[in-house]
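From first to last, the protein sequence lines stand for chains Y and E.
Count along the first sequence from 1, then add 137; that gives the number in the working numbering.
Count along the second sequence from 1, then add 1112; that gives the number in the working numbering.
Honestly, I wouldn't trust all of these hints.
To be verified - In the BS3-like style, the derived pairs of lysine-lysine whose C-alpha atoms are separated by at most 30 Å in a straight line are:
1) E:1484 to Y:553
2) E:1491 to Y:621
3) Y:355 to Y:435
4) Y:278 to Y:259
5) E:1430 to E:1416
6) Y:631 to E:1491
7) Y:698 to E:1165
8) Y:621 to Y:553
9) E:1265 to E:1210
10) E:1210 to E:1416
11) Y:471 to Y:553
12) E:1397 to Y:391
13) Y:698 to E:1265
14) Y:698 to Y:553
15) E:1416 to E:1397
16) Y:631 to Y:698
17) Y:249 to Y:553
18) Y:631 to Y:621
19) E:1416 to Y:278
20) E:1463 to E:1382
21) E:1394 to Y:391
22) Y:698 to E:1382
23) Y:553 to Y:435
24) Y:698 to E:1484
25) E:1430 to E:1394
26) E:1484 to E:1430
27) E:1165 to E:1265
28) E:1203 to E:1491
29) Y:357 to Y:391
30) E:1265 to E:1382
31) E:1463 to E:1397
32) E:1484 to Y:621
33) Y:172 to Y:357
34) Y:259 to Y:249
35) Y:631 to E:1484
36) Y:553 to E:1491
37) E:1210 to E:1382
38) Y:471 to Y:230
Calculated directly from the structure, the hints in this document are not laboratory data.
Since the model is a prediction, treat every value here as computed from it, not as a measurement.
Okay, here's what each chain looks like letter by letter:
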Amino acid sequence: MIASLRCAVVAAAACAAALFAEGASGAVPETSYQKTDDFASTMILDNGRLKPLDSYARSMLMQFSGRTGFHGMSPTQWLARVIFLPLTAADDKVFLINNPEVVDAIGVSPQKRRRYSFNDIKQGYHQLTGMAREAGAKDAKERTLFENEVVRVSRNLQDYLEISSVLMFLMPYPEFAVRDSAARDLLGISPAAEQLSFYDLAPCSDRIAQAATAAERKDKAGWSVFDMTMMSLSQALQRWRQSRGDQPFHIIPKIVDGREEWLCPWIVMLDAGSGAQARADISSLAAMRAAFISGDAKGFAAAAASFNAAVRRTARPPSPGIELLYNRIDPFAKAKILYGLAAILALMLVTVFAWRWARTLAFVLICAALAPHTFGLIARVIILHRPPLATIYETFLFVAWACAVLGLALELIQRKSLGLLISSLCGFFFLHLAGRYNVGEDSMGMIAAVLNSNFWLTTHIMSVTLGYAGCCCAGVIGHVYIVKKLFLRTPEEKLASTSSALYGILAFGLVFTVIGTMLGGMWADQSWGRFWGWDPKENGALLIILWCAVVFHARLAGIVKQQGMAIGAILSLVLVMFAWIGVNLLGIGMHSYGFTTTGITALYSFLIFEAVFLAAAAVAFFMTRRRAM
Amino acid sequence: MTKRAPKKPLFAAGIFSSPFLSLYTTVICLVVLCVLVLWGTLYQIDHGIYAAKARFFSSWIVLIGGMVPFPGVRLAAAGLILNQAMMLVFKQEWRPAKAGMIITHLGVLVLLVGGGIVSYTARESFLALWEGETSNESLSYHSWDLVTWTKAKPGAPWAVGLDTLRTGHAYSTALPGASVLVENAYHNCVALMRQMPMADSSARMPMFAAIDSIEAQSAASDPSDNIPGVVVTVAAVAGIGAHRVVYGGASEPVCIPCGADTLYCAVRRKPVPLPLAITLIKFIKEDYAGTQMARQYRSTVHAKGADIDREAVISMNKPFRYRHYTFYQSSYSQTGGHQSSSFAVVENRGKWLPYVAGFLMAAGLLLHFCTKLIIHIRKREAP
């Protein structure tokens, strides 16, 4: 581990040296954006999963810039620039620096869109890494916002350097220059080739070593240009071999002891025993690079297709089709827009007017949103071979979907536009929140060993999240009830359907939260040896159950009526947010795989909104009572 | 539509028409539980889960500010049990339409009563084994013993529970005639080291670090992290007292020469006897491809007891059960090519109670929810 880390650092340093030394290998021609479909479907082993390069490029670009596109380029086109033309790509403004203090600290002039190129940052690179080292030594909880940003940006730069150096051995390099004609003749190099790469010289390494050994035996004073060239080449080759290790670009498969292993091109290049196929793979990469630099779109596509075909002859990676489609459609972004449009219509339908065409349009928009939403969830099941419920990001996607379906079901029963509002508002809000949790990370990453159980993921988490969905929908209905009753002064009799919907949906939430919590206890009993441990996550679910029980029993006892139920439902929504988002922020307990610092702003904003809303409701309530008296 | 007259409950309340027969009591108990759960959860941030358990979740009374009494979870739960039981018997209408609610509340009762039983009877310990190692006893997380044994009879140790030790008292040892006088006992402490010359002067490292004294520490937030220690004076047959520091974190026992024999003294976790012997055959950690992140931990063990003699696999989410004992994969260690696996061992005679309660509650709630939904839809469809 330490050795590979060291190698990675050394490799990054070598690449950094190349990137820092402007024009080290001469000017590289600009290339037009090429069609990279075949390259996008090339499989890579990353983060414990075989995925198409398109997904890899997408997650890297998202990590660096918080976006999945760059100046009209697809993520794969950007990645191709970074690995085939690293010196050109060094001007791409892809590094997002949110904190202006960090920009000041590294001496970079601030940019309007907060995005910087590698060349912009490189002058402050050493300063940044120094600050990141100091901040990294601290416990994550004790770091300031500035330090967190420094660590993040520094890590991004490090990752970028590693990616941009994966094909450095294909790049011409000054230390591999062969000017002596005798040396050229010996190595079979054409006179036209001015500068050579490690890849060009690697096949001649035996001849170079022999000539260097012969030169070593001679007196140094009597070395000819040929001898000096051979010594220099031999040392350079040796230096490259020793200084570079594993790199994060495992795209070439190899069968070792019957097991499939995926290697990075540099390791394949170094490994003499990789076989003819591996050398052919490297040749395909070299052909891809040459075609990309020269702007030969057809040649590039052919080389990529040939590389992919060779990979599939050696290994059996999964088909990238569904994942490429998922990436291309970006289903949750599409669904969010459609839910958002429907929400505007539904809000007007519930509060202002009740036009039939608007209701139909909102219904159609929600159905249209549900299509990509459902596709996205199914695609994740197919790609990840597990239910899409293992991360907090995925729970948002699922709850958004469940709320949308629940709302539609309510609409089909009641036909009062309330269901449309629930569907669209919850769908939009939770997909938006999911997007906030998807910044800078691969949303299809590995899951902790304890979560690696499709049965419990399906039963426990699905039930609990359905419970969350029920309580969230009930919370929305609670808001609608209070707005109509206290702010719009709608008569009680006209709110009967809203009230009964609230009762039913909150009961739905309670039922599934109870089932999910009991299943969670059983899972904990199977994994940790106890049914209940008062862990914050468990307590969060228990709080929801207890509170819903309070609301129902208080209604049964006559302590509260419809209005009290509505307030209770709103508070159940607050508790859901505490159990769902807040508990992960606490950073304590057995559910450590869910810990995150994301969502704190969203949670606080939500709590402030609810506090203001309830305070306004209280004021309206007392004013109404006063007027009635 | 005429309203159906409510059916009578199973028993008339009579003199039992106490506060426990009121829904108000249910609401109060639930609200108190809400407050305690929320408070206890937030309390964990600064004090840890064990302190929160002790103060809120396993207590009858919570003292606010050390003075004002407030019901603890046990008291609130006991109130709820009484309330539920009495409501079911004296107030609940026992008719098919209410079946869902009755089953649900029975489930809640089983859960609360079962939770109480389990919290008083379940015992947790752990078993750490190297590959090839066998043991028929696990070790306690929280309890420690002061153990002595002699060189002549290493298999006959003498132990006294650290919780029962009293400062200034002398305790007999495994060596007849020798005793240990407890000068100080620390619940949690750190050892202070000093350099000592090696007995063998030809050794390459002439000095080694020995425990010189121990320093008291405040209790760890997780009691299993506490490392206790004892300062004792050993009075041997010869009558000369030897002052010794016995530290729970030391890898070697304290060695006291007593005439022809040698007395060994150590502070060790209390062993918990198991009804079977477990041998760790193989431990495997499976990683996600190309990473060092674990996908699965799996231990192959051989279990041998009075009525069992077979291999079993213990992995994440798949424990091994034998009688009232359950063995869970909890941790592992890989050092110098050797691997060890740790199992959490739980002895729980009421482990099935939450399952029964869960089934009853889920079935009851689903039944009630569906019944209500059908009634609601029929009402809407009625002309």
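Margin query: With the threshold set at 30 Å, check whether the alpha-carbon distance from residue 357 of chain Y to residue 391 of chain Y stays at or below it.
Written below: violated (44 Å)
Checklist line | Proposed proximity, residue 1382 of chain E with residue 1210 of chain E (alpha carbon, max 30 Å) | finding: violated (51 Å)
Note to self: Run the distance test for residue 698 of chain Y versus residue 1382 of chain E: straight-line Cα separation, threshold 30 Å.
What the structure shows: violated (57 Å)
Next item on the list: Decide if the proposed pair is consistent with the structure: residue 259 of chain Y and residue 249 of chain Y, CA atoms, cutoff 30 Å inclusive.
Entry: Holds. Residue 259 of chain Y to residue 249 of chain Y sits at ~19 Å (cutoff 30 Å).
Next item on the list: Quickly compare the C-alpha distance for residue 698 of chain Y and residue 1165 of chain E to 30 Å and report which way the hint goes.
Entry: Outside the cut-off at roughly 35 Å; violated.
Item checked: 30 Å Cα cutoff - pair residue 471 of chain Y, residue 230 of chain Y -> holds (26 Å)
Margin query: residue 698 of chain Y and residue 1484 of chain E were given as a pair; does the straight-line alpha-carbon distance stay at or below 30 Å?
Written below: Satisfied, since the Cα-Cα distance of roughly 19 Å is no more than 30 Å.
Notebook entry, point to check: Taking only the CA atoms, is the gap from residue 471 of chain Y to residue 553 of chain Y under or equal to 30 Å?
Noted result: This hinted pair holds, its Cα atoms lying about 26 Å apart.
Margin query: Given the hinted pair residue 1416 of chain E and residue 278 of chain Y, is their Cα-Cα distance within 30 Å?
Written below: violated (47 Å)
Notebook entry, point to check: CA of residue 631 of chain Y to CA of residue 621 of chain Y, is that 30 Å or under?
Noted result: At roughly 10 Å apart (the allowed maximum being 30 Å), residue 621 of chain Y and residue 631 of chain Y satisfy the hint.
Checklist line | Restraint check for residue 355 of chain Y with residue 435 of chain Y, where alpha carbons must lie at most 30 Å apart | finding: violated (51 Å)
Checklist line | residue 278 of chain Y paired with residue 259 of chain Y [C-alpha distance capped at 30 Å] | finding: holds (29 Å)
The structure is inconsistent with the numbered hints 3, 7, 9, 10, 13, 17, 19, 22, 23, 26, 27, 29, 33, 37, although it conforms to all the rest.
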